[in-house]
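Work out the full structure, taking the sequences as your base and the hints as a guide.
Going down the list, the sequences are from chains A and B. Just add 23 to the spot in the first sequence (first one is 1) and you have this note's numbering. Just add 23 to the spot in the second sequence (first one is 1) and you have this note's numbering.
There's no promise every hint is true.
Because identical chains share one entry, a pair is satisfied inside a single copy or across any pair of copies.
Below 30 Å or equal to it, Euclidean Cα-Cα: the simulated DSS-like pairs (lysine-lysine) are [said to hold, decoys possible]:
#1 Lys167 x Lys28
#2 Lys142 x Lys44
#3 Lys71 x Lys44
#4 Lys118 x Lys104
Simulated from the structure, these hints should not be mistaken for laboratory data. As the structure is a prediction and not an experimental result, all values here were calculated from the model.
Letter by letter, the chains look like this.
Number of protein chains: 2
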Amino acid sequence: MDMLKQAILQKGVVLSDGVLKVDSFLNHQIDPILQVEIGSEFANRFEKNEITKILTIESSGIAPALTTAIKLNVPVVFARKKKSLTLSSNLLTAKVYSFTKNETNEITVSRDFIVEGDKVLIIDDFLANGEAALGLASLVEQTKATVSGIGIVIEKSFQPGRKKLEGAGYRVESLARIASLENNTVRFVEELIVNK
Amino acid sequence: MDMLKQAILQKGVVLSDGVLKVDSFLNHQIDPILQVEIGSEFANRFEKNEITKILTIESSGIAPALTTAIKLNVPVVFARKKKSLTLSSNLLTAKVYSFTKNETNEITVSRDFIVEGDKVLIIDDFLANGEAALGLASLVEQTKATVSGIGIVIEKSFQPGRKKLEGAGYRVESLARIASLENNTVRFVEELIVNK
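Written as structure tokens, this is what we have:
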């Protein structure tokens, strides 16, 4: 997705070989035009999957999940990282280990909103080790709903997330795939362009 | 705003005289059509204010802030409730006391994204005691930016938030104003309908 790759090249900041800071347009300040394009692109890629619900996790997943939901005209549900006081006890839960923060969070979703028969598209801003996406998929699998796919805004392809998700049988669609951040430079995975 | 009031009446759950649960359409599962309407309504109410930036707070404020940002074509920035590892030390901070949770959180925004000259529209999902909105306004006032107004999706008008914000000189626009939740019933503030 060209607009996203251009934003990464122009506004992203490589903090280390593993960390790309995109807080000027994606996960702190949010560029609304880019988010609308991201939503359109995810909607295009999953339009044949009869998605009934989008699942993401607070906070940075909410924007791309919402613009996708607007395009597909389905509800979005965001998992919480700690239990809310006004949520009922009727919760789906999964443990998610964060390598970045070296801590395990419990993520939760109300059983009222992911239900048997749902075809769920999981959306998140980053894919690195795949822990968050696997946790979200686990929430879906605990009901008799189906994970129809996983949409990622920025994939760090030098980390094992995609391999783990594909190994578990999930389709992964990433809008920007980063091969390396070494030498303070963003290098994208070279993708075959197929003329249609 | 009729669509919002209808959603509150049909899908909201009164948990006590002080607590309205709206997690089926607003702050856990999100109805995308309603959010687009909310964004359009905020954009209409503030269209003459030459807004340059929208400021909200994670997580439930992000959806209405984003749909408003899409309409006004300005960036949205969301304050975080605890410091992110990849945010720089260059932060604006404010303390926000939560009556619901009986705890004080530090909220933070990067100084890169709220800057002198910005005309900031603050958006949040709920207004009760006004602590979150005052904290957000404090972040703006710490720079030489201006708070152009505060847009609230659901105002609990029986709590002191609006009075505090107006007392501090801010314009408050709430899309649904709840006069009371007593007797398990949502009663809206009666508003004068002016024929235009």
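**Q.** Hints violated by the structure (listed by number, smallest first)
**A.** 1 and 3
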